[in-house]
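Model the placement of chain B on the given structure of chain A, informed by the hints.
Residues per chain are reported as follows:
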Amino acid sequence: MDGLISQYIDPYYLRILMLIGINIIAALGLNLITGVTGQLSMGHAGFMSLGAYASAILSMQLQVPYPLALLAGGLVAALFGLLIGIPTLRLQGDYLAMVTIGFAEIIRVFFLNFGPGGKAVGLAGIPQHTTFSTVWLLVIAVVLLNALLLNSRSGRALYAIREDEIAAEACGLHATRYKVLAFVLGAFLGGLAGALFAHYNYYIDPNIGSFMKSIEVLNMVVLGGMGSIPGTILGAALLTVLPEMLRVVAEYRLLFYGALLVILMIFRPNGLLGDVRIYDIKKRLGKHPERKEVAGC
Amino acid sequence: MFWQQLLNGLTLGSSYALIALGYTMVYGIIQLINFTHGEIYMFGAFVGLFLVTVLGANLFVAILGAMLFCMVLGMLVERVAYRPLRGKSSRLSALISAIGVSIFLSTLMALLAKTNPRRYPEVISSQTFHLGSIEVSSLQVLILFLSAALMVGLQLVVQKTRVGKAMRACSQDLDASHLMGINVNRIISLTFAAGSALAAAGGVMVGIYYNAVWPYMGTMAGLKAFCAAVLGGIGSIPGAMVGGLTLGVMEILGVAYLSSSYKDAIAFAVLILVLIIRPQGIMGQKIVKKV
Numbered sequence: 001m002d003g004l005i006s007q008y009i010d011p012y013y014l015r016i017l018m019l020i021g022i023n024i025i026a027a028l029g030l031n032l033i034t035g036v037t038g039q040l041s042m043g044h045a046g047f048m049s050l051g052a053y054a055s056a057i058l059s060m061q062l063q064v065p066y067p068l069a070l071l072a073g074g075l076v077a078a079l080f081g082l083l084i085g086i087p088t089l090r091l092q093g094d095y096l097a098m099v100t101i102g103f104a105e106i107i108r109v110f111f112l113n114f115g116p117g118g119k120a121v122g123l124a125g126i127p128q129h130t131t132f133s134t135v136w137l138l139v140i141a142v143v144l145l146n147a148l149l150l151n152s153r154s155g156r157a158l159y160a161i162r163e164d165e166i167a168a169e170a171c172g173l174h175a176t177r178y179k180v181l182a183f184v185l186g187a188f189l190g191g192l193a194g195a196l197f198a199h200y201n202y203y204i205d206p207n208i209g210s211f212m213k214s215i216e217v218l219n220m221v222v223l224g225g226m227g228s229i230p231g232t233i234l235g236a237a238l239l240t241v242l243p244e245m246l247r248v249v250a251e252y253r254l255l256f257y258g259a260l261l262v263i264l265m266i267f268r269p270n271g272l273l274g275d276v277r278i279y280d281i282k283k284r285l286g287k288h289p290e291r292k293e294v295a296g297c
Numbered sequence: 298m299f300w301q302q303l304l305n306g307l308t309l310g311s312s313y314a315l316i317a318l319g320y321t322m323v324y325g326i327i328q329l330i331n332f333t334h335g336e337i338y339m340f341g342a343f344v345g346l347f348l349v350t351v352l353g354a355n356l357f358v359a360i361l362g363a364m365l366f367c368m369v370l371g372m373l374v375e376r377v378a379y380r381p382l383r384g385k386s387s388r389l390s391a392l393i394s395a396i397g398v399s400i401f402l403s404t405l406m407a408l409l410a411k412t413n414p415r416r417y418p419e420v421i422s423s424q425t426f427h428l429g430s431i432e433v434s435s436l437q438v439l440i441l442f443l444s445a446a447l448m449v450g451l452q453l454v455v456q457k458t459r460v461g462k463a464m465r466a467c468s469q470d471l472d473a474s475h476l477m478g479i480n481v482n483r484i485i486s487l488t489f490a491a492g493s494a495l496a497a498a499g500g501v502m503v504g505i506y507y508n509a510v511w512p513y514m515g516t517m518a519g520l521k522a523f524c525a526a527v528l529g530g531i532g533s534i535p536g537a538m539v540g541g542l543t544l545g546v547m548e549i550l551g552v553a554y555l556s557s558s559y560k561d562a563i564a565f566a567v568l569i570l571v572l573i574i575r576p577q578g579i580m581g582q583k584i585v586k587k588v
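So the protein lines, in turn, are chains A and B.
Note that this note's numbering has the first sequence beginning at 1, numbered continuously upward.
Note that this note's numbering has the second sequence beginning at 298, numbered continuously upward.
Hints should not be assumed to be uniformly reliable.
[To be verified] Below 25 Å or equal to it, Euclidean Cα-Cα: the simulated PhoX-like pairs (lysine-lysine) are:
| id | chain 1 | residue 1 | chain 2 | residue 2 |
| --- | --- | --- | --- | --- |
| 1 | A | Lys213 | B | Lys560 |
| 2 | A | Lys213 | A | Lys119 |
| 3 | B | Lys411 | A | Lys213 |
| 4 | B | Lys560 | A | Lys119 |
Hints were generated in silico from the structure; no laboratory data involved.
One chain only, chain A, in its complex shape (with noise of 0.2 Å):
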């Protein structure tokens, strides 16, 4: 399929293709820790690079199959993300904000000072077993599992902690654990998806778990929609190909999507398709006659 794929699509725009699918499983990571749960966190690139490096050198220096590093990648980023969660999501406010733009520019600093990294001069020669099908299997998975979850009884209880936390726990939902539930599966398909950028790219660098990668993330998540999983992949879509149009304008590019930011949250401030749901779009698309007759009365 790969090669069919790779006959037949100009090798520019299945990049772009490619990227679009790794940020969608990283954005829909950090959807279900900002979006769907309410809780900033703001180095969702220290994920990002951390299953990134595990699952290179695991496949580079141990010749983990492909599969398995993947699996790692996600693994150890899942395993920093308990660390962290546990004593911070504890406490209430903005301390997840700051304690995750901390832990990423430490992971930012640490591979950059790590010998089997390569430091400040990054990996490169890694395996490329990424493909257009795995990716993008992977993120019908991903978006077929967020869906389920988030439909679920423990979806539920995630979108009730984001809309009042001391009413959810008055309800009698243990509100620390479903926060560290979410932190742990956002890092790990943080991970998951900073592994897939490793084996496609062939080389990665201390930068890739810069701050302005984290904000990037964010982005994608709140431009499309908290908590809505189509929100979320059109942000992700969006933030990849936009970046691509405007590179007659590189200089400017940053400047507009500066004040993108500031307009839409003064006019939108829930995004494009603030919690929109697959269902409500079904929904929607089913009853349109009826919503005429409704407008008529």
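Structure of chain B alone, referenced to chain A:
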């Protein structure tokens, strides 16, 4: 050796303290991590540089000019990007709006001034004094005295004037202050102005001390100053001063006695430890859950 490092640490720390004050004051009143603050500091450094190199101003005029410019800039940012959101949307939206402004300002400066670091010309005759075995440069003396003067000035304004009283009232309870007839929007605006002016002064002094000014200098300095504010206890003005000085000393001592390659990680490690062990910081008050 130790005392020398301590002095260097205090010099660095006083610049963190100046920036941290802006974070802590804004957080104290509207519970917003003002991500634009690092960029305001960067603008301060550039305005000072502009005044010195293009208009040939002396150091004090440059600092004053930078402070005035950044006061206006800080109030403008608050008016354009934060006020329309206040009361209507979640704190998350305000935070993201702040990040947007921060990206906008640093890119704007990168377009205006290009990204390579620029140098300050010699604005102060460099002399070195000897205190026993310690070497003190005239620049360090200036930085320490000027920061101390600014902090004392701020403390006087906050504790002794009507505006300062209103600021303290707002940080205790915004709604109740509004009911008591305080023009809350004006006080928030003035808080941004005061914090921005201090950051600008810090920017000019750091620019001269390290002899480098570039458009992305604000991000890391801002994040670290924010760590300092949390370390001191976010929302507490004396806390920000103590936190800034402590963090500066820890960073310099860490570089001197541990390893220089982890310089940037020290501040964040301190941040995480503080949040785990004592989230209210050295001088902050414990936040009580309210329904």
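Hint check results:
no., hint, in the structure
1, A:Lys213 / B:Lys560, "holds (21 Å)"
2, A:Lys213 / A:Lys119, "holds (19 Å)"
3, B:Lys411 / A:Lys213, "holds (22 Å)"
4, B:Lys560 / A:Lys119, "holds (15 Å)"
Hint compliance for this structure: no hint is broken.
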